[in-house]
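Asker: Let's have the full structure, built from the sequences with the hints guiding it.
Protein chains in written order, with my numbering: chain G, 1 to 274; chain B, 1001 to 1278.
None of these hints come from the bench; they were simulated from the model. Each hint should be verified, as a subset may be incorrect.
Here are the computed distance ranges between Cβ atoms for each label pair [as the list claims (entries may be wrong)]:
#1 B:1029 to G:20: 52 to 60 angstroms
#2 B:1047 to G:166: 42 to 50 angstroms
#3 G:163 to B:1159: 52 to 60 angstroms
#4 B:1111 to G:163: 51 to 59 angstroms
#5 B:1253 to G:152: 35 to 43 angstroms
#6 B:1068 to G:221: 17 to 25 angstroms
#7 G:159 to B:1062: 43 to 51 angstroms
#8 B:1165 to G:221: 32 to 40 angstroms
#9 B:1243 to G:163: 42 to 50 angstroms
#10 B:1263 to G:159: 43 to 51 angstroms
#11 G:163 to B:1040: 51 to 59 angstroms
#12 G:161 to B:1066: 45 to 53 angstroms
#13 G:162 to B:1272: 46 to 54 angstroms
Covered by chain G, per the in silico footprint, the following chain B stretches (three or more residues, Cβ under 8 angstroms) [what the hints assert, rightly or not]:
#14 1092-1102
#15 1197-1204
#16 1208-1216
Chain B side only, calculated, beta carbon under 8 angstroms to chain G, not exhaustive [unchecked claim]:
#17 1041
#18 1056
#19 1060
#20 1063
#21 1067
#22 1087
#23 1088
#24 1109
#25 1220
The structure displayed is predicted, hence computed values, not measured ones. For glycine and all other residues, C-beta sits at the position ideal for the given N, C-alpha and C.
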Amino acid sequence: MSAQAGTAPYAGASLETRFRATARSEWIKFRSVRSGPAVLLATAVILPVTAWLLCGYYGHNWATMSPASKASFDPVFISLRGIEGAQLFVGAFGVITVTGEYTSGLIRGTFIATPQRAQVIAMKATIFAAVVWAWCTILSFAAFFIGQSLLSSPAKHVAIGDPGVLTAVFGGGLYLTLVGLLGLFIGVLLRRTPAALAALFGILLVSPVAIGLLGGKLSAQLAEFLPDSGGEEIFKLLHSGAYTLGPWQGFAILAAYVAVAAAPAFLLVRRRDA
Amino acid sequence: MMSETIQATTATSRRRATPSALLRARAALSAEWIKLRSLRSMLVTLVLAAVFCIGYADLLCWRFTLRWHTFDAASKAAFNPLDTNFNDLVIGVLFFGVLGALVVTNEYGNGLIRTTLAATPQRGLFLAAKAALLVPLALVSSAVIIFAAFLTGQGILAGHVPHVTLADPGVLGRVLGAIFYLTAASLIGLFIGVIARSAAAAMTCVFGAFLVLETLLDSLHGGVWQHTVPYLPSNLGNALWLSHSGSLASPTVAALVLAAYVIVLGVVATFSLRSRDA
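Answerer: Put into structure tokens, the structure is as follows:
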């Protein structure tokens, strides 16, 4: 790698070789983020346990619920609601995947070894997304099946083959992957763990609460364009709100936030020092 | 093993010269004061807290004065000027929790903690000194923020819609309750930081405990939930400053349970600090 500047024969390393080398080094670094296994374990606890708690509760108390809350009850969303807790950990994982490297100073070694900085970030994001997506999709299915097993008639429940359900359950994994990527790109932008975490949690968790406090029509109109409440439409079966966004429209809003963070991240990482 | 070595060195130094407990405490306090004063994120967090808590409270009050004529009689009757003023504390508390966490995790992040614990091997004393400085800092800044938010917020409401003054029954109690909640949150953040030893883990726990837990569990009522959900840290805080209590605990109970949280976390943090490496 460091031979790139020194020895001419290596300068012509093919794109494929370079990609493979970057992928390998990024994979080693990703694997050895110390809190990685803890985060993945935490999500594996939160998703099934929340599904068990909430669906058990509603299955048990169905008879006492009002007709209005029965009508607005979304069996898929309730079984996947643990995502609202798990996103905290997945988002933080995305942040420290990058900022951990800035804190330890390893990033300087990384950029000397691979001066194509955008390539480093892209590879980091790809590896992160692949692992988180696979893991969270499995957990999303697990939470769904646990939840539906606890909801039996007369409580509202659905089967995986019912219209829209498969999209919603796959959506749970997709949502968490994008949240992690949002954290990762904010990490590239801010380069420091506390600042990046505060920014991510601010956008993701605090903004819906802050907008909710405003009250009235304005509050409902703004809420749907937040990454959290917009993105959540992908794992809901019933869509409400001021504009009644569908699953993919809501998901596109979250994706737009990720894109808005990613674009300056790719630009600035090439210009700023490490 | 490390603490044994440190204890051994303390024993040697004690033979040489035994600094009195008072002197040692004073040295620990002045060292912690220098570190606290020079922590950049401390100032940033406090300024952001002030801007948000005062600014957003004023914005919410102002919005109510604008929307007042659209309210029907029932909504007008349900309007509570103090709740409207303090509603943004569900977010404001996060600044104080994070402030407490950063005060200690910053030291773990840059490795200064190893020097600190070598200089002050009495780890309990180190934590006590940190807490002893954080409490007045959080108390004074939250008092300034809360009173400013209250006075400006009620000032905006006055003349347009119902408003309250500090002399009205129960108002001063809610104001002091809010200050107590924010100060307790900063101590909870500090102890979580000591237990977590990293900024990322501690901040995630603070946001989880004060924001996400409540969102996830607040819809559950009855049975076991009736006896647990009101005692989540954020619901205890709400009980201290919200005037309509609903299913929340009474303010006295909430203050006591919140204090119990702080004490239990403090004990756990002290033991964790003394038995684990830095």
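Asker: Evaluate each hint against the coordinates.
Answerer: A quick look at each hint next to the structure:
1. B:1029 to G:20: 52 to 60 angstroms: For residue 20 of chain G against residue 1029 of chain B, whose Cβ atoms are near 56 angstroms apart, the range 52 to 60 angstroms holds.
2. B:1047 to G:166: 42 to 50 angstroms: holds, 48 angstroms
3. G:163 to B:1159: 52 to 60 angstroms: holds, 55 angstroms
4. B:1111 to G:163: 51 to 59 angstroms: This hint holds: roughly 56 angstroms between Cβ atoms.
5. B:1253 to G:152: 35 to 43 angstroms: holds, 38 angstroms
6. B:1068 to G:221: 17 to 25 angstroms: holds, 20 angstroms
7. G:159 to B:1062: 43 to 51 angstroms: Taking Cβ atoms as reference, residue 159 of chain G and residue 1062 of chain B lie about 50 angstroms apart, which means the hint holds.
8. B:1165 to G:221: 32 to 40 angstroms: Since the Cβ atoms of residue 1165 of chain B and residue 221 of chain G sit about 35 angstroms apart, the hinted range of 32 to 40 angstroms holds.
9. B:1243 to G:163: 42 to 50 angstroms: With Cβ atoms ~46 angstroms apart, the hint holds.
10. B:1263 to G:159: 43 to 51 angstroms: holds, 50 angstroms
11. G:163 to B:1040: 51 to 59 angstroms: holds, 54 angstroms
12. G:161 to B:1066: 45 to 53 angstroms: At 50 angstroms between Cβs, range holds.
13. G:162 to B:1272: 46 to 54 angstroms: holds, 48 angstroms
14. 1092-1102: holds (count 3)
15. 1197-1204: holds (count 6)
16. 1208-1216: holds (count 6)
17. 1041: holds, 6 angstroms
18. 1056: With a minimum Cβ separation of about 7 angstroms from chain G (threshold 8 angstroms), the hint on residue 1056 of chain B holds.
19. 1060: holds, 6 angstroms
20. 1063: holds, 6 angstroms
21. 1067: Constraint on residue 1067 of chain B satisfied, holds at 6 angstroms.
22. 1087: holds, 5 angstroms
23. 1088: holds, 6 angstroms
24. 1109: holds, 7 angstroms
25. 1220: Result: holds, 5 angstroms to nearest chain G Cβ.
Consistency note: the structure conflicts with none of the earlier hints.
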